[in-house]
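In the order they appear, the protein sequences are chains A and B.
Mind the numbering: the first sequence is residues -19 to 466 in this note's numbering, read in order.
Mind the numbering: the second sequence is residues 54 to 508 in this note's numbering, read in order.
Simulated from the structure, these hints should not be mistaken for lab results.
Quick reminder that beta carbons are idealized off the backbone N, C-alpha and C, glycines included.
Each statement offered as a hint is correct.
Covered stretches of chain A, going by a simulated chain B footprint (3 or more residues, C-beta under 8 Å):
no. : segment
1   : 59 to 67
2   : 84 to 95
3   : 335 to 345
On the chain A side, residues computed to face chain B include the following (Cβ under 8 Å):
no. : residue
4   : Y40
5   : H105
6   : G108
7   : V131
8   : R228
9   : A232
10  : A236
11  : V239
12  : A244
13  : P246
14  : A253
15  : L259
16  : T266
17  : E270
18  : P368
This is what each chain is made of:
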Amino acid sequence: MRNSPEGLRNTLLIARRQLGAIRQDGTVLFLLGLVIALGLVAVVGARHHATGATEQRDRYQAMVDRQWVEQPERHPHRVIHYGFLVFREQAPLEFVDPGVSDYAGTSIYLEGHRQNTANFGEARHSTGMTRFGRLTPASVLALLLPLLVVVAGFAAVSAEREGGTLGVLLTQGATPAQILAGKVLATGAVGALATLPVALAVGVMAGPGLDSPASVTRLGVLAGIYGIYLAGWVLVTVLVSAVRTSSRSALAQLLALWVVICVATPRVAASVAGALYPLPSRAELTAQVEQALNEVGDSHRPDDPFFNALREEYLERYQVGAVEDLPVNWRGVLSRESEALTSRVFEDHRQELVKGHLRQNGVMAWSGFLSPYLAARDLSMGIAGSGPEAMEAFLAQAEAHRYTIIQRLNELHIREIQNENDRAQRLSREHWGQFPVFATEPPPLGGALADRPVSLAALGLWIGLPLTGLGLARRRLALIGTERSS
Amino acid sequence: MRAWARLLALDLRRLTRSAGTAAAIILLLVLGIYGAWRAGRNAEVARSSLAAAETAYDDQLDFLLSVYPPTTDAGEVLYYVAFPAPQPPLPVSALARGRAAVETESLRIRLLALEGQLYEHETVNPRLAAAGYLDLAFLLIALLPLFIIAVSYDLISGEREGGTWNLVRLFAPRRRLLAAKLASRAILVGAVAAVVMAAGALMAGIDLDGRAGWMFALVALHTIFWFALCLGVAMGNRSSTANAMILAGTWVVLTILAPAALSLANAVLHPVPEALELTVQQRQGYHEAWDLPPSATMESFYRDYPEWSGQAVPEDVFTWGWYYAMNHRGDQAARDASRAYREVLRERDAWARRWSLFAPPLATQLALDRLAGTDLAAQLDYQDAVRRFHERLKDHFFPHFFATAPIDAVKWDQVPRFEPAAPAGNAARAGFPAAITLILASGLALGVGARRARA
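Turn these sequences into a full structure, and let the hints guide you.
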């Protein structure tokens, strides 16, 4: 494109002409209004949902923390079984894109001897109606806005050709590049017009969540990702409009493209990922864990080889004849060692499952090349702090917290409880206030982006390919110009 | 008649010769065969999941009985035993996965407090679940209509815009021409749907019972509904592009927006705070009991089991009768929260079913899940069956605890077995409302279209 003031003027003229045509088209205006309305409903609804969930979690976390501190005098092993509940804190921007959070656990019951699964979030209580997920700002931006862009731009070039005005434009001095740029500008303007109110609403509604500069950065990057994604749709729309012979076939092709990218490919990818890397079913996994636990032994069982050896070691170390004479509490020692063994078994199996998830997620990431929708959503959930890694971080932090607290209780058992008449003893209440509280730490933004090179590349390609295509289409338009003028 | 057949053959040839249509047919067939293969895999996985629960139970029992001396208190060994509660899935569940993708119906239940054990879920990867899943129901309910739209949006307008309308009308009356064009499209779409469904039925090993019959009938009616809609829109005097936009818009509204809006309304109308409440209550109810004298726990236990009120437990020593009674106290504490939770979910389910009738594809989807036994109601029914099972296990084992029986006094072949929940609702009742909705909606679309055509 020539960068002369005249070139710019021509581009703007074409854009204005296109916007004028769009303004006269009731369908586009109607859709524009609809998308904006849906976007606003989505923002308000998602914010409401997130606030409710946060309030609920805060309430229960406070209740559980209070119950913990207000425990009566208890034997430490009693408290190990009493356990505690922890809740995942929502990331400030999670309401924009809930990512995978509806399908991952939000709370988990932590206790000794066991690793519980995080219980289900919102999807657990849904009726199977939402096969396309909830209406969220992210779904409006990624799923519905492209449709508006398509409807606003499918005829951008083809209508000029059908109406015979393309040749006129060309003979009057507009270059093909200026025409295409003008069309892109106008179509993009419609997309931007629809995005702006939604983005503003997100900014306003994020309110208290936006008090840190980190959140503002995240919001900016999020806007950038959706900007690129939608720009890709604008370019593709104008490109298809430029190369198709009729508006009708351009529309049909663009709609088909939308179906493939936004509807079919995500599900096919998820299904193929599941087929390529199948996970054990819950029943199978439980059986595997049980098997492994049988092998490591159990301190409750008589004549367990591991714990017999441990007893000999302790008797030798303290030079006593019976465990009752040990200066430390023998049952506490057993419990601590047993917890160390079983925790490793649970954690190993959980890690196996996580590895399976990562392999499956890899398939999803590479599918981003077929479906920029997947790439944009992947980046978006990473930035919003609601991606799989945030859920995994919560589970890992919860397990670390569980292990720390259980072993602290075991240490109390070992040091503070006498061997004789063990079970009848109690620890005083002030102990309960001295345990660390649980806090979720979401993964940093830099990590979220660095972990997604494939999705970033896929999104880059989504812009790059149609740009190249437009470069080629320019020549074809130029040919029309010479035909007409000759 | 011969002329009509020739017209039909001509139109079929014209349709299949278009590169776009051919590509769409191939894509649908590939996805359909793939979906059918996945359905077969799903059925296999479900079977192996059930078998895993049974095998694990046997293995665990063998192991426990080999390490614990036969004189050990029954209560101590039974603390570890997890009894299998496998719900055999309906064969048709392979076609409409519904919630089966995320929920397990192969739980194993210990004699401990039940509420903490009921809500285990499948080992699902949240990333995949969030992307949505692909089953044959999705293919036939969500994707097939798009193909119908693609081949029918320019049914009349295409001829008009191509300038062929007046030409062909010279040779055939308008009605006959339209009938031929519709018939050729119906044959094409019907063939694709039939291949996909037959492949699914074959690969998942589905026998054609009432449920499968209703499912196929609903898919057929749903397909007819979209044809009616396309025809209704085509009869209006609009351009092809306008038709395409109207039909694609209708698809988006019925398939994406209506479910999302209804689901949002459902969640707002029926909030479920009780999910956390019952976990907290059960834990508190059970653990408080340790700090109370055993008689206090037993009193509340006898309220639920008056038949055992003669069985006192000693105050000063640990007994397994008291231990399991304390676990029961946990369930008692969570009882109200648990009931409220289930009621809200039942309300959500009923509400969704009622309001889905305004969006025929959604009604079809929910009906298919219901027929397949993979909907929310089926999940709740399963949980109720597990509750009954837990009760029967308690009935069986509490006498052992009160008598401080040793583990070798347990007659393992007399231990209650899980009785699966009956398949949700009867097939006709599950399918009928959706079928009526589809028929009425089809009639409406055609009626409105015909009036516009005359106007």
